[in-house]
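Engineer: One-letter residues, chain by chain:
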Amino acid sequence: MAGLLIGLGLIAIAAVIAMDAMNMRVPPVHAKVGPRVFPYLVSCGLALSGAAIAWQAWSRSFLVEAQDTDWGAVAVVAAGLVLQINLLKPLGFVPAAIILFMAVTFAFGSRRFLRDGIVAIILAVVTYLAFTRLLGLQLPPGILKGVF
Amino acid sequence: MEAFSSLMDGFATALTPINLMWSLVGVTLGTLIGILPGIGPALTIALLLPVTRTLDPTGAFIMFAGLYYGAMYGSSTTSILLNTPGESGSIITALEGNQMARRGRGAAALATAAIGSFVAGTIGTLLLSFLAPVFVKLAIMFGPAEYFALMVLAFATVSTLLGASMVRGITSLMIGLAFGLAGTDILTGQPRLVFGIPSMLRGIDTVVVAVGLFAVGEALYMASRRDLREAVILPIRGSLFMTREEWSRSWKPWLRGTFLGFPFGALPAGGTEIPTFLSYYVEKKLSKNPREFGQGAIEGVAGPEAANNAAVAGVLVPLLALGLPTSATAAILLAAFEQYNIQPGPQLFSASGSLVWGLIASLYIGNVMLLILNLPLAGLWVRLLSIPQPLLYGGILVFSTLGVYSLSNSVFDLVLLFVVGIIGFLMRRYDFPVAPAIIGLILGPMAEAQFRRALTISQGDPSVFVTHPLSLGLLLVALLVLAVPAVFSVVRAAAARKAAL
Numbered sequence: 453m454a455g456l457l458i459g460l461g462l463i464a465i466a467a468v469i470a471m472d473a474m475n476m477r478v479p480p481v482h483a484k485v486g487p488r489v490f491p492y493l494v495s496c497g498l499a500l501s502g503a504a505i506a507w508q509a510w511s512r513s514f515l516v517e518a519q520d521t522d523w524g525a526v527a528v529v530a531a532g533l534v535l536q537i538n539l540l541k542p543l544g545f546v547p548a549a550i551i552l553f554m555a556v557t558f559a560f561g562s563r564r565f566l567r568d569g570i571v572a573i574i575l576a577v578v579t580y581l582a583f584t585r586l587l588g589l590q591l592p593p594g595i596l597k598g599v600f
Numbered sequence: 002m003e004a005f006s007s008l009m010d011g012f013a014t015a016l017t018p019i020n021l022m023w024s025l026v027g028v029t030l031g032t033l034i035g036i037l038p039g040i041g042p043a044l045t046i047a048l049l050l051p052v053t054r055t056l057d058p059t060g061a062f063i064m065f066a067g068l069y070y071g072a073m074y075g076s077s078t079t080s081i082l083l084n085t086p087g088e089s090g091s092i093i094t095a096l097e098g099n100q101m102a103r104r105g106r107g108a109a110a111l112a113t114a115a116i117g118s119f120v121a122g123t124i125g126t127l128l129l130s131f132l133a134p135v136f137v138k139l140a141i142m143f144g145p146a147e148y149f150a151l152m153v154l155a156f157a158t159v160s161t162l163l164g165a166s167m168v169r170g171i172t173s174l175m176i177g178l179a180f181g182l183a184g185t186d187i188l189t190g191q192p193r194l195v196f197g198i199p200s201m202l203r204g205i206d207t208v209v210v211a212v213g214l215f216a217v218g219e220a221l222y223m224a225s226r227r228d229l230r231e232a233v234i235l236p237i238r239g240s241l242f243m244t245r246e247e248w249s250r251s252w253k254p255w256l257r258g259t260f261l262g263f264p265f266g267a268l269p270a271g272g273t274e275i276p277t278f279l280s281y282y283v284e285k286k287l288s289k290n291p292r293e294f295g296q297g298a299i300e301g302v303a304g305p306e307a308a309n310n311a312a313v314a315g316v317l318v319p320l321l322a323l324g325l326p327t328s329a330t331a332a333i334l335l336a337a338f339e340q341y342n343i344q345p346g347p348q349l350f351s352a353s354g355s356l357v358w359g360l361i362a363s364l365y366i367g368n369v370m371l372l373i374l375n376l377p378l379a380g381l382w383v384r385l386l387s388i389p390q391p392l393l394y395g396g397i398l399v400f401s402t403l404g405v406y407s408l409s410n411s412v413f414d415l416v417l418l419f420v421v422g423i424i425g426f427l428m429r430r431y432d433f434p435v436a437p438a439i440i441g442l443i444l445g446p447m448a449e450a451q452f453r454r455a456l457t458i459s460q461g462d463p464s465v466f467v468t469h470p471l472s473l474g475l476l477l478v479a480l481l482v483l484a485v486p487a488v489f490s491v492v493r494a495a496a497a498r499k500a501a502l
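Line by line, the protein sequences give chains A and B. Here the first sequence stands for residues 453 to 600, where the numbers follow my numbering. Here the second sequence stands for residues 2 to 502, where the numbers follow my numbering.
In short, the hints are calculated from the structure, not lab data. Any given hint could be a false lead.
The following residues of chain A were derived to be distant from chain B, with all beta-carbon distances above 10 angstroms [said to hold, decoys possible]:
#1 Leu460
#2 Ala525
#3 Gly598
Restricting the straight-line Cα-Cα distance to at most 25 angstroms, the calculated cross-link-like pairs of lysine to any residue (SDA-like) are [unchecked claim]:
#4 Lys541(A) x Leu417(B)
#5 Lys597(A) x Pro547(A)
#6 Lys541(A) x Arg203(B)
#7 Lys541(A) x Val420(B)
#8 Lys541(A) x Pro446(B)
#9 Lys253(B) x Pro264(B)
#10 Lys597(A) x Asn410(B)
#11 Lys541(A) x Lys253(B)
#12 Lys541(A) x Asn410(B)
#13 Lys541(A) x Phe400(B)
#14 Lys541(A) x Leu408(B)
#15 Lys541(A) x Met22(B)
In silico contact screen, one side only, chain B against chain A (beta carbon under 10 angstroms); selected entries [unchecked claim]:
#16 Asp10
#17 Ala165
#18 Leu174
#19 Ile176
#20 Ala179
#21 Gly190
#22 Gly396
#23 Tyr406
#24 Gly422
#25 Leu427
By construction, the Cβ of each residue, glycine as well, lies at the ideal position given by its N, Cα and C atoms.
Please put together the full structure from these sequences, using the hints given.
Structural biologist: This is the structure:
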């Protein structure tokens, strides 16, 4: 079942790449060895691999190791990342990093919120200061603007 | 002898206090990330790229190379004491090494791994010093058609040799090539796979893909596997000074491992995993008491650990001399060269001689530092293993997102990182190897450039690839690499069907 979906997904990506190549407006000078050749090759390669995997899944020769997948934990890590992406600019690097860190520790089964929280705060503040002060890189200050 | 005098100049570069410091930083960081599961040399170098942008390139590469060597030393400690490999090159070390630790001979296992790594690393670096210039002479004969054929060969070997099945390897390669297509076409300015998003015109940065596949994908996968969370750390027991018997059982596997590892690293065969497996089977076959294998045979640690260090030296030969990466870490190193606008290949040895030879010389020094860091200080490093897994992965993800964001201060890069991370998780979950994708991503655009250059020179005649003898030869080998395993699997399936009837 999973193999079938993966195969079909790959074929869909191959179609997107081929469509993108077809829609290019290529000046006739470059028509022969132009920017379309490689996208077509990659598209064919992906479609063929997708078809092979779908066929293997259909004939039950696409072997996947049986394993317990904790989809809930995956969702928590993913949610942590989505939150961080959306909060990085409005709240700033430090709070966004703390939220991400806490989400990951929770997903990995830790329930020692005090310990994890202290580590998260120290890690986020120290890296923020090291990056902005020592390395001179820009990170969004957010709500802590003017504090550090 | 020419190489010898260049090497002496290299030592002059490497022995300056500042470069010695970079070497020490590299090997220390390498040992650290080698020991920590979940973070490897490819990921670390990718994360360091934004930070090292303003650094002197010689110092940066000395650090990166030390890091790559150091990761191979450190990962053996994790394999032996935790029974989970720190890196993929130490998977096989866990078999015998962990058994030795269980039987109270953990210290001897650590010692044979560290000394074997030193022996192999030093011999490998010697071979690198004298073979790289030979490769450079060879590379001068290469035109665009030959380079393209060589890259096709690399694509064929990495996708067949790595991973559970050929289809999965090729799929991974194609995914990498597809990532490489995105962005503005260099020759015509044509936007490809941009979908009207302005940020996509720059293309997808190598660092985003590497961090997405190695860090985000890996973290999502480890979160999904509740059963992999608890592991027992064994204490180091026994003496770090090996007995006479242990020495006499170790030295031959060290040398055999070295001479297996080096050529496999240099061939476009995906780096350090395959030679370690081969070394293990060779040692098992040659052993006087093969029954001891599986219960803590020291040969099974000595051979593979030598093989993975020698392979790293081997990987550097085609990377420096031809600009051809044969492992995921080498692919990231190639991206680092691009960041400094340095083109690896024959020109590198003439244009940036002091960088290359300083880098090679630093490897001799780094090996000595690593032996000292890893042998007497093993007990100190082991404490790293007691970092709780939730904190470790929390830290990895915070640093990964930070590294990707600081590439170009773009939140869009973080969105891409998330998407690539999901793809990486699915690849890990359904057993697709990741290294072919990284190599496809880096080599894809280069292969396309060489392909189009060759066709422009031949005025559009595609026969250039088969009329140049060298190019034809390389393409035929690539075809063979793809065909042989396929034929084998068909024969095996037919035999299995016959057996079932």
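Engineer: Indicate, hint by hint, whether the structure satisfies it.
Structural biologist: Evaluated hints:
1. Interface exclusion of Leu460(A) from chain B stands, the closest Cβ pair being 13 angstroms apart, more than 10 angstroms.
2. Distance to chain B contradicts Ala525(A) as a non-interface residue, since its nearest Cβ pair spans about 4 angstroms, not more than 10 angstroms.
3. Under the 10 angstroms C-beta cut-off, the non-interface status given to Gly598(A) relative to chain B holds; the minimum distance is some 20 angstroms.
4. Distance check on the hinted pair: Lys541(A) and Leu417(B) sit about 17 angstroms apart at the alpha-carbon level, within 25 angstroms; holds.
5. Note on Lys597(A) and Pro547(A): the hinted pairing holds, with a Cα-Cα distance of about 12 angstroms set against a maximum of 25 angstroms.
6. Of the supplied pair hints, the one linking Lys541(A) and Arg203(B) holds, its CA atoms being roughly 22 angstroms apart against a limit of 25 angstroms.
7. The hinted pair formed by Lys541(A) and Val420(B) meets the criterion: a straight-line CA distance of about 19 angstroms does not exceed 25 angstroms.
8. Between Lys541(A) and Pro446(B) the alpha-carbon distance is near 33 angstroms, which puts this suggested pair outside the 25 angstroms criterion.
9. Taking the CA atoms of Lys253(B) and Pro264(B), the gap is about 18 angstroms. The hint holds against a cut of 25 angstroms.
10. For the hint linking Lys597(A) to Asn410(B), the alpha-carbon distance of about 17 angstroms falls within 25 angstroms, and the restraint holds.
11. As the CA atoms of Lys541(A) and Lys253(B) are separated by approximately 58 angstroms, the hinted pair breaks the 25 angstroms bound.
12. Taking the CA atoms of Lys541(A) and Asn410(B), the gap is near 11 angstroms; set against the 25 angstroms cutoff, the hint holds.
13. With a C-alpha separation of about 17 angstroms, the suggested pairing of Lys541(A) with Phe400(B) holds against the 25 angstroms cut-off.
14. For the hint pairing Lys541(A) with Leu408(B), the CA-to-CA distance comes to about 16 angstroms; that is within 25 angstroms, so the pair holds.
15. In summary, the hint linking Lys541(A) to Met22(B) is not supported, as the alpha carbons are separated by about 36 angstroms, beyond the 25 angstroms threshold.
16. At a threshold of 10 angstroms, the smallest CB-CB gap from Asp10(B) to chain A is about 32 angstroms, leaving the interface hint violated.
17. Checking Ala165(B) against chain A by beta carbon gives a least distance of about 7 angstroms; that is within 10 angstroms, so the hint holds.
18. Evaluation of the Leu174(B) hint against chain A yields a held restraint, the C-beta minimum of about 8 angstroms falling below 10 angstroms.
19. Interface restraint check for Ile176(B): the shortest CB-CB distance to chain A comes to about 8 angstroms, inside 10 angstroms, so the restraint holds.
20. Proximity of Ala179(B) to chain A holds as hinted, the smallest CB-CB distance being about 5 angstroms (cut-off 10 angstroms).
21. Because the beta carbon of Gly190(B) sits about 9 angstroms from the nearest beta carbon in chain A, less than 10 angstroms, this interface hint is met.
22. About 6 angstroms separates the beta-carbon of Gly396(B) from the nearest beta-carbon of chain A, less than 10 angstroms, and the hint is met.
23. With 10 angstroms as the threshold, the beta carbon of Tyr406(B) comes within range of chain A, its nearest partner Cβ sitting at about 7 angstroms, so the hint holds.
24. A hinted interface residue such as Gly422(B) counts as satisfied when its beta carbon comes closer than 10 angstroms to some beta carbon of chain A; here the least separation is about 7 angstroms, so the hint holds.
25. Given hint, Leu427(B) at the interface with chain A, holds; its Cβ is 7 angstroms from that chain's nearest Cβ, closer than 10 angstroms.
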